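Protein chains in written order, with the numbering used here: chain W, 1 to 240; chain B, 241 to 462.
Bear in mind the hints are in silico, worked out from the structure with no lab data behind them. Some clues are possibly wrong.
[What the hints assert, rightly or not] Below are the DMTMM-like pairs computed for lysine to aspartate or glutamate, each with C-alpha atoms no more than 25 Å apart in a straight line:
#1 W/Lys162 x B/Glu428
#2 B/Lys368 x B/Asp406
#3 B/Lys299 x B/Glu311
#4 B/Lys432 x W/Asp164
#5 B/Lys354 x W/Asp164
[What the hints assert, rightly or not] Restraint-style ranges between C-beta atoms, simulated for each label pair:
#6 W/Arg155 x B/Asp292: 57 to 67 Å
#7 W/Val70 x B/Glu359: 31 to 41 Å
#8 B/Arg360 x W/Cys63: 50 to 60 Å
#9 B/Lys432 x W/Arg155: 32 to 42 Å
#10 B/Arg356 x W/Ile82: 55 to 65 Å
#11 W/Gly47 x B/Leu385: 53 to 63 Å
#12 B/Asp436 x W/Gly131: 53 to 63 Å
#13 B/Gln317 x W/Gln220: 26 to 36 Å
#14 W/His152 x B/Gln317: 30 to 40 Å
#15 B/Gly456 x W/Leu93: 48 to 58 Å
#16 W/Asp108 x B/Glu359: 42 to 52 Å
From a predicted model like this one, the values you see are computed outputs, not experimental measurements. Idealized CB from N, CA, C, for every residue including glycine.
Chain by chain, the residues:
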Amino acid sequence: MADGLEYPGAEGSPDWANQLYLYQAPDVSRCRPIFTGDIFFDVEVQGVGAIEQKNVLVIQHPCALRSNGVDLTDTLMVVEVIPYELLEQRQWLGRYRIMPLPELVGSDPEPHRAALFTSGYLVIPDSLDLGKRVACLTQLGINLLMQRWVFHNSRVVVPSWKYDEAISAQYEEADCIEEWCDIRGSQGISPEPATVEAAKWLDDDGGGGIARCRLLENPQYRSSIRKAMRKYAKELNKRR
Amino acid sequence: MPSISIFSDDSPIEIDDDRGTAADSVTHAVLPSVTKTAAALLTEDVGKIRLDAKTLGLKVGQAHQIVCQHEWSVLTQQRGTQNPVDLLNQLDDMGFAWRDIARLIGVSVPAIQKWRKGERLSGDNRHKLASLVAAIDLLVDHYYLEDVASWFEMRMIESAPVTPMDLWASGERALFFDYGTRHVTPEEALTKYDPDWRERYRTPFVTFRDEEGNLGLRMQEQ
């Protein structure tokens with residue numbers, strides 16, 4: 001039984017960037033909805049009695065990010081991202097107060113960063129300008145982030161693959177919305193209305209009795225949801 | 241005439257009750273050793289056939305792996321002549337997630353997005369893409385996988401988060417095909433992939449649905 005904190009990748013071959021980051025600047029998709037683990041630079045945050053500019057990582061749980069499936073909640077929890085040394089895999093087993101972000105800024109001579117759990121802030125959604133988003137985490141990256149964050153707060157270690165079971169549907173949903181916006185973008189529709197369309201389609205049951213976003217919890221149905229979603233989004237212009 | 245049953249479960253050798261005119265007190269003769277020898281010979285013969293069959297099974301298994309790899313290589317050559325964008329669109333039509341396609345080929349999601357927009361692939365990546373589509377061709381043609389993308393995503397065993405996608409992404413091609421062609425059981429495949437999987441994925445945590453309908457994690461009730 002795995003009973004401690006985990007690190008990404010096979011032992012001895014971490015491949016940090018591919019394991020941890022779905023997107024890194026300058027390739028971050030503007031179509032992807034803001035999600036747990038997203039990293040923004042130079043963001044206005046609410047500090048102790050003052051507004052400050054910080055580099056931050058969104059730490060709020062995927063289920064608690066949005067109030068209605070589309071709009072972000074009034075305030076979001078973030079933690080500060082700071083320059084940090086490159087940790088070896090075995091060092092991930094400790095350092096409980098941080099989420100290591102190795103090779104985060106590829107263009108920087110010192111590219112490694114860490115999210116500091118002891119330096120938390122609140123932000124309003126408007127502060128999270130998509131143009132300032134420098135990275136989105138992979139599903140594995142988010143699982144590891146959740147594992148470290150929960151351990152930091154509760155001293156309980158949950159295997160990362162169990163987080164996958166609990167939050168992979170939300171991750172799939174973010175994937176679907178991103179792809180929908182990408183398809184609709186090619187038809188001249190901007191991401192905001194496209195996101196509303198996608199969320200509505202995912203909330204609908206298509207006559208099957210179970211909302212599509214709920215079906216995404218089961219890996220068995222995911223490919224058929226994707227197929228239907230792609231077909232529907234591509235044909236939307238023809239329908240109207 | 242005494243009748244002999246070799247394969248009786250309870251008594252390997254059984255003689256019927258015809259004693260002729262002998263009294264009840266007459267002790268039966270010990271069975272002739274020639275009969276035991278026949279049984280022993282039979283055990284020996286069948287045991288040898290069993291061993292031969294096992295050896296043959298292993299050899300046929302290896303031969304099947306070789307022809308499977310050969311067919312995959314031929315299909316890869318054929319797929320390699322096609323436009324990579326068409327191959328990506330075929331994977332899209334099958335319902336694969338783009339991040340899964342990226343993982344299966346061993347590149348980043350932005351790389352896939354750039355290819356879709358017409359950026360050139362390196363020869364190595366073009367081969368990897370063609371080999372993935374060819375492997376899918378082989379499995380669909382011979383083993384009638386109806387929803388192949390779903391098959392790639394489904395756990396091999398419910399209690400362990402390992403999927404055929406993990407086998408492919410880790411480079412375990414022979415094991416991937418053995419599993420895909422149903423020549424190993426899920427347990428056998430998992431044990432070959434990760435001998436410690438039972439211990440590795442043993443956990444007291446389970447998912448549950450909360451009052452608002454969301455999934456959560458908690459300790460298993462004793």
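A quick look at each hint next to the structure:
no.: 1; hint: W/Lys162 x B/Glu428; in the structure: 23 Å, holds
no.: 2; hint: B/Lys368 x B/Asp406; in the structure: 16 Å, holds
no.: 3; hint: B/Lys299 x B/Glu311; in the structure: 18 Å, holds
no.: 4; hint: B/Lys432 x W/Asp164; in the structure: 24 Å, holds
no.: 5; hint: B/Lys354 x W/Asp164; in the structure: 28 Å, violated
no.: 6; hint: W/Arg155 x B/Asp292: 57 to 67 Å; in the structure: 59 Å, holds
no.: 7; hint: W/Val70 x B/Glu359: 31 to 41 Å; in the structure: 32 Å, holds
no.: 8; hint: B/Arg360 x W/Cys63: 50 to 60 Å; in the structure: 41 Å, violated
no.: 9; hint: B/Lys432 x W/Arg155: 32 to 42 Å; in the structure: 36 Å, holds
no.: 10; hint: B/Arg356 x W/Ile82: 55 to 65 Å; in the structure: 36 Å, violated
no.: 11; hint: W/Gly47 x B/Leu385: 53 to 63 Å; in the structure: 55 Å, holds
no.: 12; hint: B/Asp436 x W/Gly131: 53 to 63 Å; in the structure: 45 Å, violated
no.: 13; hint: B/Gln317 x W/Gln220: 26 to 36 Å; in the structure: 33 Å, holds
no.: 14; hint: W/His152 x B/Gln317: 30 to 40 Å; in the structure: 52 Å, violated
no.: 15; hint: B/Gly456 x W/Leu93: 48 to 58 Å; in the structure: 26 Å, violated
no.: 16; hint: W/Asp108 x B/Glu359: 42 to 52 Å; in the structure: 25 Å, violated
Checked against the numbered hints listed earlier, the structure breaks hints 5, 8, 10, 12, 14, 15 and 16; every other hint is satisfied.
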